[in-house]
Amino acid sequence: MSDEARWLDGNGLAGTLVEVFGAEMTAVRRRCQSCGERHAIGSHRLYRGAGEVLRCPNCGDLALRIAALPDRHVVEVRGTWRMALPRD
Amino acid sequence: MSLPRAPIRWRTVRVGEVVAETAQAATIVLDVPDWPGHAAGQHVDVRLTADDGYQAQRSYSIASAPEDARLALTVERIDDGEVSPYLVDEVRAGDEFEIRGPVGGHFTWRVADGGPLLLVAGGSGLVPLMAMLRHRAAQDSDVEARLLLSARSADDVLYRAELDRLDDVAVHYTLTRSRPEGWTGYDRRVDAEMLAEVGPAPSAHPLVFVCGPTAFVETVADGLVALGHPPDTIHTERFGPTGS
Amino acid sequence: MPISRGFRGRRAEVDPSRVPPGQYVVTDFPVLSAGPTPHTPLDEWSFTISGAVDEPVSWTWEELLALPSETFTVDIHCVTKWSKLDTSWTGVSVDTLLEGVTTEGDYVTAWSDGDYTTNIPLEDLTGGRAWVAHTFDGEPLEAEHGGPARLLVPHLYFWKSAKWVRGLTLTVDDEPGFWEAAGYHNYGDPWKEQRYWSD
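Chains as they are written, first to last, in the working numbering: chain A, 61 to 148; chain B, 1192 to 1435; chain C, 1152 to 1350.
Since the hints were made in silico from the structure, they are not lab data. All values derive from a computational prediction rather than experimental measurement. Where is the CB? At the ideal position from N, CA and C, for every residue including glycine.
Quick list of simulated restraints, FRET-style, between CB atoms:
no. : chain 1 : residue 1 : chain 2 : residue 2 : range
1   : A       : Gly-96    : C       : Pro-1167  : 48 to 54 Å
2   : C       : His-1190  : B       : Pro-1393  : 30 to 36 Å
3   : A       : Gly-96    : C       : Pro-1327  : 27 to 33 Å
4   : A       : Gln-93    : C       : Thr-1199  : 26 to 32 Å
5   : B       : Pro-1227  : C       : Glu-1255  : 58 to 64 Å
6   : A       : Gln-93    : B       : Pro-1393  : 30 to 36 Å
7   : C       : Ser-1201  : B       : Arg-1380  : 45 to 51 Å
8   : A       : Leu-145   : C       : Glu-1255  : 47 to 53 Å
9   : A       : Leu-129   : B       : Gly-1272  : 24 to 30 Å
10  : C       : Pro-1192  : A       : Gln-93    : 26 to 32 Å
Here's a subset of chain A near chain C, in silico, CB distances under 10 Å, partners left out:
no. : residue
11  : Arg-105
12  : Ala-110
13  : Gly-111
14  : Glu-112
15  : Arg-125
16  : Ile-126
17  : Ala-128
18  : Asp-131
19  : Arg-132
20  : Val-134
21  : Val-135
22  : Glu-136
Residues of chain A clear of chain B, computed beta-carbon distances all greater than 10 Å:
no. : residue
23  : Gly-96
24  : Cys-119
25  : Trp-141
Construct the entire structure; sequences and hints are all you get.
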């Protein structure tokens, strides 16, 4: 219970995700590689350490890891993400 | 209808006006060149830069409706905060900072999404839900809407006068720390019984939006699920101590 | 980049020679983490040194507390740019834990409850430069700050001071840990501002 205060919704990562992917990502649904459940990115659990981490809201396994370097984002994506990215 | 394509870079904005809301909160009205528009419920990331280059970044919900001419953020001062005391007490017209957004497609409501709507707010969690109500009013929508707002006292209620003028929205208050003389409303933390009384029932298939501090959102979401609301109809946005 | 007039943030004024490049001194103790706070009961807790060693060795919580410990004051530096000066800890020196351990490995992977790991050259954990710390500011280390025990390696960025540490795995090859594999510098010297791969 004391841990509950330490994570935010994936909504809190929306700005970074827009910068990284060029699209609004919080409604994207991800199927977890560990437990198989599908949840919107906005419902995943956001942790902030050195970089930012998203975890499956059901099993806690890693969904996304992002490091913001001065000239690039280093991004590791896990699970199956179904994304619709707009075209101009 | 898809969301407007969001700008993906930080942009400089200028403060047009600062309006005190309560003793703890202020609305900052911004001049944003080429603002692409937003959906009610979205937020922006705000970045401040000190004159020695030090930066701090926080997220704030957009208070203004998509129909409003100018973008507005409402910020509540956190006592020990690093950014909110500056934004509430120090900022004035003409000041500049950076924003990135709008962002947050998961916690949005448009009139076309329908209802009935149940909005549950803890303190400054009211901000994005107010944007939804303002959007609803601007569209002259008759989607059924209810708001349950938890605040410490009557003086802490944001947008009180405006809420009182919403005659087609059922607004319920619970004041948890102190109440004015003659108060007949709720006086305890939100619980499943209160949520059941405020309604609507799960059989009405409401869209539910809950926003506030993490513990508040957890309790409310658990209560709604216990009443039978399907979890995927409950949209949540948590303010936590990790920087938002 | 526009300057936000009058914004200062919550920072202390300190002797600049104690502050590595790009850092700001804070007086609170920010909590950052890559995952949920574990809650291993102390009667199930153990600390293990294993991997490229002749013989693994392990301590229970009571056994760890029975080892000689030190109380010391150090500055800590987080890669997210905050530094906290004069922090007081009590813990067991990693030198003490490595006594009697024979190894061919030159590297260590520190691992914690959950999935967190971090890699450190063995020599950076010796010579009085690293501890398994269980007490902060005279009180048992709080769970959100890594309690019951965390690794403490103050001469490197604080992500190397693994919270909720449960063991050290000696390795022959250097194996990047959780953040090192994800964009952060493999070594992490704050005085050389080694934050990322690109540094």
